[in-house]
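Undergrad: What follows is the residue order along each chain.
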Amino acid sequence: MSKLSSIQDAVQSIENGALLALGGNALHRSPIAFVLELIRQEKKDLSLIKTAGALDVDLLALSKSIRSVYAGYIGFEMLGLAQNYRKGVQNGEITVYEHACASVIAALRASIYGVSFQPINGFDGSSLPELTGLIKWISCPFTNKKTAVVAALKPDVTIIHTNIADEKGNAYIDGSVYEDLIMVKAARRTIITTEKVISSTEWKEKPQIPGFLVERVVHAEKGAAPGSCAPLYTIDDHEVHSYLKNPKKYLERKVAVSHV
Amino acid sequence: MATDIEKMIIAASRLLPKEGAVYVGTGMPLLASVLALKTHSPDLLLVYEGGGVGGKPTGRLPIQVSESLTYENGIIVGSMDYVMSLAQAGWIQYGFLGGAQIDVYGNLNTTVIGDWEQPKVRLPGSGGGADIASFCEKNIIIMRQDRQKFVKKLDFLTSPGYFSGPGEREKRGLPANTGPYRVITQIGVYGFHPETKRMTLLELFTGKTIDDVHENSSFPIDISDNWRYVKEPNNEELHTLRELDRDGIVLT
Numbered sequence: 001m002s003k004l005s006s007i008q009d010a011v012q013s014i015e016n017g018a019l020l021a022l023g024g025n026a027l028h029r030s031p032i033a034f035v036l037e038l039i040r041q042e043k044k045d046l047s048l049i050k051t052a053g054a055l056d057v058d059l060l061a062l063s064k065s066i067r068s069v070y071a072g073y074i075g076f077e078m079l080g081l082a083q084n085y086r087k088g089v090q091n092g093e094i095t096v097y098e099h100a101c102a103s104v105i106a107a108l109r110a111s112i113y114g115v116s117f118q119p120i121n122g123f124d125g126s127s128l129p130e131l132t133g134l135i136k137w138i139s140c141p142f143t144n145k146k147t148a149v150v151a152a153l154k155p156d157v158t159i160i161h162t163n164i165a166d167e168k169g170n171a172y173i174d175g176s177v178y179e180d181l182i183m184v185k186a187a188r189r190t191i192i193t194t195e196k197v198i199s200s201t202e203w204k205e206k207p208q209i210p211g212f213l214v215e216r217v218v219h220a221e222k223g224a225a226p227g228s229c230a231p232l233y234t235i236d237d238h239e240v241h242s243y244l245k246n247p248k249k250y251l252e253r254k255v256a257v258s259h260v
Numbered sequence: 261m262a263t264d265i266e267k268m269i270i271a272a273s274r275l276l277p278k279e280g281a282v283y284v285g286t287g288m289p290l291l292a293s294v295l296a297l298k299t300h301s302p303d304l305l306l307v308y309e310g311g312g313v314g315g316k317p318t319g320r321l322p323i324q325v326s327e328s329l330t331y332e333n334g335i336i337v338g339s340m341d342y343v344m345s346l347a348q349a350g351w352i353q354y355g356f357l358g359g360a361q362i363d364v365y366g367n368l369n370t371t372v373i374g375d376w377e378q379p380k381v382r383l384p385g386s387g388g389g390a391d392i393a394s395f396c397e398k399n400i401i402i403m404r405q406d407r408q409k410f411v412k413k414l415d416f417l418t419s420p421g422y423f424s425g426p427g428e429r430e431k432r433g434l435p436a437n438t439g440p441y442r443v444i445t446q447i448g449v450y451g452f453h454p455e456t457k458r459m460t461l462l463e464l465f466t467g468k469t470i471d472d473v474h475e476n477s478s479f480p481i482d483i484s485d486n487w488r489y490v491k492e493p494n495n496e497e498l499h500t501l502r503e504l505d506r507d508g509i510v511l512t
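For the record, the sequence lines run as chains A and B.
Take the first sequence: its letter number 33 is residue 33 in the numbering used here, and every next letter is one higher.
Basically the numbering used here = 1-based index in the second sequence + 260.
Because the hints were derived from the structure by calculation, they are not lab data.
Quick reminder that beta carbons are idealized off the backbone N, C-alpha and C, glycines included.
Pairwise CB distance ranges (calculated):
no. : chain 1 : residue 1 : chain 2 : residue 2 : range
1   : A       : K204      : B       : T318      : 21 to 29 Å
2   : A       : K146      : B       : R502      : 44 to 52 Å
3   : B       : T456      : A       : S13       : 58 to 66 Å
Given the sequences, and given the hints that come with them, work out the whole structure.
TA: What follows is the structure, encoded as structure tokens:
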């Protein structure tokens with residue numbers, strides 16, 4: 001049976017309060033079309049998992065759709081802070097589960113190996129573990145070395161944007177896969193948005209994501225814009241700046257028009 | 261005439277070795293690393309957080325560590341998990357960091373200003389900072405210097421420096437011979453004294469004074485007996501740098 005779905009149906013399957021992992025990194029290959037549809041359908045109380053987030057997380061902060069965020073970094077790098085996320089955290093609307101990018105990955109990695117925690121190197125000294133309780137210490141049973149561990153994170157739904165996918169859910173990403181492959185394996189279910197849908201008999205590239213891990217495939221051309229989806233399109237500087245200048249106006253404009 | 265930012269980037273690029281691996285962050289570190297690649301360090305391996313390894317961008321400068329330009333002409337493009345585990349297992353010698361606050365031992369805050377529970381300003385967070393600061397043998401910190409940024413006590417310790425002095429990193433289980441190496445600001449270049457691990461002025465940019473060093477820090481900064489002026493940028497460095505950022509994304 002074909003897994004192709006409209007973006008509206010795919011988003012309808014998301015429950016309020018769900019824990020979502022969003023693929024891509026910063027302004028690159030993030031599932032922005034899906035995020036905008038989440039906002040159109042007024043989903044609430046979402047929790048997000050992301051290594052480094054930017055427009056995706058900030059849009060959902062602006063629309064007051066998020067309850068909590070598990071992330072290593074939320075910001076626009078050289079373009080500045082994520083102002084709506086910043087405000088949401090400062091006024092107590094958004095709970096931050098303070099991670100580093102590496103500990104988010106480790107927490108997802110625990111889920112892909114079917115274990116409840118993952119040892120992680122690199123937290124001997126940062127205030128991150130003590131303050132947030134997300135990282136605890138155990139004694140290695142083999143060497144007695146004090147070892148940091150992070151609890152597993154299992155997304156209810158992972159949403160990633162890919163270059164090509166077929167009706168069976170097999171999908172291909174060009175360039176860096178960021179954390180997408182781990183997010184897909186870790187999740188209870190996965191929704192893929194994609195630039196191009198082909199038939200499963202037509203593959204020239206080698207898909208990295210096997211269809212049996214995927215529940216739905218949504219055709220969403222320019223689904224990562226105004227971020228990039230290499231090599232098809234790069235960041236739309238003008239659109240990103242128009243967002244940073246007036247996020248509300250940008251969102252109103254985007255929400256008014258349904259994607260695909 | 262070079263600007264403050266150009267001088268800082270050029271000073272940073274000179275610190276990078278002929279070969280070895282550097283973990284590249286966004287902004288000034290990125291420019292400094294690519295500048296080193298194009299001047300004295302053609303064999304330097306640039307490792308980007310987004311997954312690119314060995315990228316040698318030719319055209320426009322990448323402005324983000326995850327964009328596809330970071331693996332242009334590169335060796336591999338993997339995942340963040342791949343490159344971060346390289347650092348975790350000790351394969352990366354040089355790291356580049358920035359921060360909103362730094363203290364005398366080179367500890368950095370990129371998480372919050374004010375209380376973590378009720379922040380005055382919520383900042384982006386660690387990103388790769390905590391692990392880069394933990395594992396890289398030599399961390400170069402680039403940031404602007406003023407009394408709000410050079411603080412007696414951090415609001416949050418995101419990325420470890422020397423904690424409260426010598427031996428503290430080792431005591432907490434971090435690998436030996438790692439830690440902050442240099443801090444570059446618009447005023448000068450600082451190192452960390454081998455015995456006290458306190459920030460110490462090594463070089464001043466021309467036109468800056470020892471008074472500037474003290475006036476722009478909330479903690480006392482030691483001055484090396486052998487302090488000198490930073491060598492002026494030469495034409496090749498300045499020309500190459502400006503060519504890299506023709507749109508003035510970082511430089512203006």
